[in-house]
Amino acid sequence: MSEFDTLASYLSVAPEIGLTILLLIVLAFSVARREVERAAVPYIAGFGMIALAALPLIFAPGDANSTIPEGLYWGGMIRYDVLAQVFRVMILLAGGITALMASGVRGVGRRGEFYIVIIVATLGMSLMSASADLVMVFVALETTSIPLYILAAFKRDDTRSAESGIKYFLFGSFASAIMLYGLSLLYGFTGQTNIYQLAAFMGSDAFANNLVPVLASMVLVVVGFGFKVSAVPFHFWTPDVYEGAPTPVTGYVSVASKAASFALLVRFFVAVYPETLALSGESLQNFWIQLMAVFAVLSMTLGNVLALSQKNIKRLLAYSSIAQAGYTLIGVAAIQSQELSIASVGFYMFMYTFTNLAAFTVVILFSEATGSETIADLAGLNRRSPWLALAMTIALLSLAGIPPTAGFFGKFFVFNAAVRSGLTWLAVVGVLNAIVALYYYLVVIKVMYVDRSEDEDKPIPVGRQYVWVLWATSLIVIVLGTVGAQTVYDWAARGAMGLFT
Amino acid sequence: MNIEITFETITFAIFGVLTLAGGIGVVTTRNLIHAALYLIVSLFGVAGIFILLAAPFLAAIQVLVYIGAIAILIIFGVMLTRGMTHLPERFNRQGGLAAVVVIGGFVVLLVGVILPVWGPNGAVAAEAQPIFMTTRDLGIALVDKEQFVLPFEVASVLLTAAMVGAIAIARDDESRD
Amino acid sequence: MEIGIGAYVVLSAVLFTLGALGVMLRRNAIIVFMSVELMLNAANLAFVAFARQFNDVNGHLFVFFVITVAAAEVGIGLALIVAIFRTKKSINIDSMNQLKG
Chain A
1 MSEFDTLASY LSVAPEIGLT ILLLIVLAFS VARREVERAA VPYIAGFGMI
51 ALAALPLIFA PGDANSTIPE GLYWGGMIRY DVLAQVFRVM ILLAGGITAL
101 MASGVRGVGR RGEFYIVIIV ATLGMSLMSA SADLVMVFVA LETTSIPLYI
151 LAAFKRDDTR SAESGIKYFL FGSFASAIML YGLSLLYGFT GQTNIYQLAA
201 FMGSDAFANN LVPVLASMVL VVVGFGFKVS AVPFHFWTPD VYEGAPTPVT
251 GYVSVASKAA SFALLVRFFV AVYPETLALS GESLQNFWIQ LMAVFAVLSM
301 TLGNVLALSQ KNIKRLLAYS SIAQAGYTLI GVAAIQSQEL SIASVGFYMF
351 MYTFTNLAAF TVVILFSEAT GSETIADLAG LNRRSPWLAL AMTIALLSLA
401 GIPPTAGFFG KFFVFNAAVR SGLTWLAVVG VLNAIVALYY YLVVIKVMYV
451 DRSEDEDKPI PVGRQYVWVL WATSLIVIVL GTVGAQTVYD WAARGAMGLF
501 T
Chain B
1 MNIEITFETI TFAIFGVLTL AGGIGVVTTR NLIHAALYLI VSLFGVAGIF
51 ILLAAPFLAA IQVLVYIGAI AILIIFGVML TRGMTHLPER FNRQGGLAAV
101 VVIGGFVVLL VGVILPVWGP NGAVAAEAQP IFMTTRDLGI ALVDKEQFVL
151 PFEVASVLLT AAMVGAIAIA RDDESRD
Chain C
1 MEIGIGAYVV LSAVLFTLGA LGVMLRRNAI IVFMSVELML NAANLAFVAF
51 ARQFNDVNGH LFVFFVITVA AAEVGIGLAL IVAIFRTKKS INIDSMNQLK
101 G
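Chains as they are written, first to last, in the numbering used here: chain A, 1 to 501; chain B, 1 to 177; chain C, 1 to 101.
Next comes chain A alone, as it looks inside the complex (with noise of 0.2 Å):
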């Protein structure tokens, strides 16, 4: 970039300015004296985020000659591509979906401090999408933690929220710090933050025969990207915070805070740690393959064997999000069939945010209904709402991968990737563990069909927004899953194929 482009600077962070001004707006209506103008922010808040998403569709980046060509913006803090592009418009849908799933929560739904925070963390995860620089990238993942350290805890003298909320908020910037030490000796062995230009550096003659040294700047940074996708070994606050905080929450950052970490590491780790750098004579490729499968292999396992034995529904849909995060790192090791891989990993998280939203909002609107999350007690869901149990079934199928549902064409797309890459073994186990996962996912569709109980003649109430939310994502999952899969799946090949030019 020769000279500095305003409008199109401008316009590559066009979500970014919206979500600022639309916090401002929040923030005065929040304090208004009139009820009526208090009670409107769920749904400001709410349809202002999905409308936002319409941002990245207009001002899409395109080629040289567009009023915003693809590149690096800011004196390189973004780069404006079409991977941003999708994650940005799953983002902020998710954070729309969650401001409305929210607004009918018991200690949560009226307070307006509430979408203050998740406005600002959907603004962090929206610039994580895009970051390009070690600075950018370290105050993007600390603007979308921070604000979810706050939303774990919100449910005040909730025991079990504030629990939530510490454990997070510890083991979150314990890994972050871990993280932020992998950066600065990224920064000591090159003098460089751009993360387009770390490999250049680290590839000079110099630095030929210090394969170490890059080796613990990758582990180090990996930890941290482990946490924020709940991948296993670095999953253990997963249960606990999903348990305890507030359910919107809980689906919140279940996929938007898990999808943004997943564009940040494939941007991060094709740039930094690229398969032309090679450092006495082992390209650095490779080894993060190699970590990545290993992490998908334990996380699939360990999730999918530790859901089998969950009582809680929302401890279920926590164990049940590590293992879909170890799918997804399939799709991340599968790296050397290029494109594919990278298209697999948006779309699996393009499905996967809608599917888990809808799944959750069911949880929220049964859980405020009766008081329960226990499995068992959704038994007879069929009879007293039926549309709610369809709801669930469906998100329920997606997440185990059956068709028609969107699940089936993620599975599909990302064992696809990992076999063209030559890791069959590694979409065998996937399609294995999608077997095992089948057995719990079935067990809740069981429990809502066939169990009977005593409330069968209470419906669960459900309220205006609710049914717009629940029919929109539940659309989704299965236009995605027929008509739309090929469209979605294309448009984050394009956003792939930018990443490697």
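No lab work stands behind these hints, which were simulated from the structure alone.
Just so we're clear, the structure is a prediction, and the values are computed from it rather than from any experiment.
A portion of the hints provided could be inaccurate.
Some, not all, of what chain C presents toward chain A, calculated at C-beta under 7 Å [claimed, not checked]: (1) 4; (2) 6; (3) 16; (4) 39; (5) 50; (6) 54; (7) 56; (8) 65; (9) 71; (10) 73; (11) 76; (12) 87.
Here a beta-carbon is modelled for each residue, glycine too, at the ideal position from N, C-alpha and C.
Mind docking chains B and C on chain A? Use the hints.
Leaving out everything else, chains B and C in the frame of chain A:
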């Protein structure tokens, strides 16, 4: 390596010892107030090292923000959770293994990373460079649109959220909704 | 410079290790948090040393942002510690055992 006794080595030794002694104090003491004071000693040591490394502005920030605000806030936290100043047990039960892992990691860092890269014959050449960076450069970089203005603005949004959030979770629940 | 950049980096590595030991070994939430602060300071020390090495302003800017983030973090951390102390009357990590499965 023979080390000359110069102003720099003496100063480095003094502040290095302060930094590490403070750190050891934080990690081993049983008294929370003492731990906070040890932390201040350590942070002060780091500030001294910053001056040695030609970063006077950061040294000032270190003293003002880290010691003046962060450490004092921690002391507030200690006092609000009264009754916790004398900790019954110092360490975790499963601490042994963790300590071995951490110290092992340290040895790898020292021998595998620091020695080959920044050691006497390291890859990143250790040649003395003249200092021509000033606080003015720092200030310009922070608001330059070709440098750090974006993270700077984002940090301000983050601080807003932290302020709102800290009040939201710590405030007593006087008006239940 | 007589002592070279290596000495500063070693100092930062020792401080980082001390902080990590504190996090792994101690059981009090505030002590664990202070140990995390030690680790952040170790990283800052390394950044400033590298900035001196390369005579580059970016390292200093990085430290600036780390300190800002640490300030936000400490605010949240203490709010959380106050919140949990109010409900549990303890900030010992081992007493946080309501969430188990």
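Now the hints, each set against the structure:
1. Because the closest C-beta pair between residue 4 (chain C) and chain A is about 13 Å apart, greater than 7 Å, the hint is violated.
2. With 7 Å as the threshold, the beta carbon of residue 6 (chain C) stays out of range of chain A, its nearest partner Cβ sitting at about 11 Å, so the hint is violated.
3. Taken as an interface hint, residue 16 (chain C) checks out: its beta carbon lies about 6 Å from the nearest beta carbon of chain A, inside 7 Å.
4. Below 7 Å, beta-carbon pairs count as interface contacts, and residue 39 (chain C) has one with chain A at about 4 Å; its hint therefore holds.
5. The interface hint given for residue 50 (chain C) is met, as the beta carbon of that residue sits about 4 Å from the closest beta carbon of chain A, less than 7 Å.
6. Among the interface hints, the one on residue 54 (chain C) holds; its C-beta lies about 3 Å from the nearest C-beta in chain A, closer than the 7 Å criterion.
7. Contact between residue 56 (chain C) and chain A, as hinted, is supported at the beta carbon level, the nearest pair being about 5 Å apart and thus within 7 Å.
8. The beta carbon of residue 65 (chain C) is positioned within 7 Å of a beta carbon in chain A (closest approach about 6 Å), and the interface hint is therefore held.
9. At its closest, the beta carbon of residue 71 (chain C) sits 11 Å from a beta carbon of chain A; the interface hint therefore is violated under the 7 Å criterion.
10. Nearest Cβ of chain A to the Cβ of residue 73 (chain C): about 6 Å, under the 7 Å cut. The hint holds.
11. For the restraint placing residue 76 (chain C) at the interface with chain A, the shortest Cβ-Cβ distance is roughly 6 Å, inside the 7 Å limit, so the hint holds.
12. Given the 7 Å rule on beta carbons, the hint for residue 87 (chain C) holds: about 4 Å separates it from the nearest Cβ of chain A.
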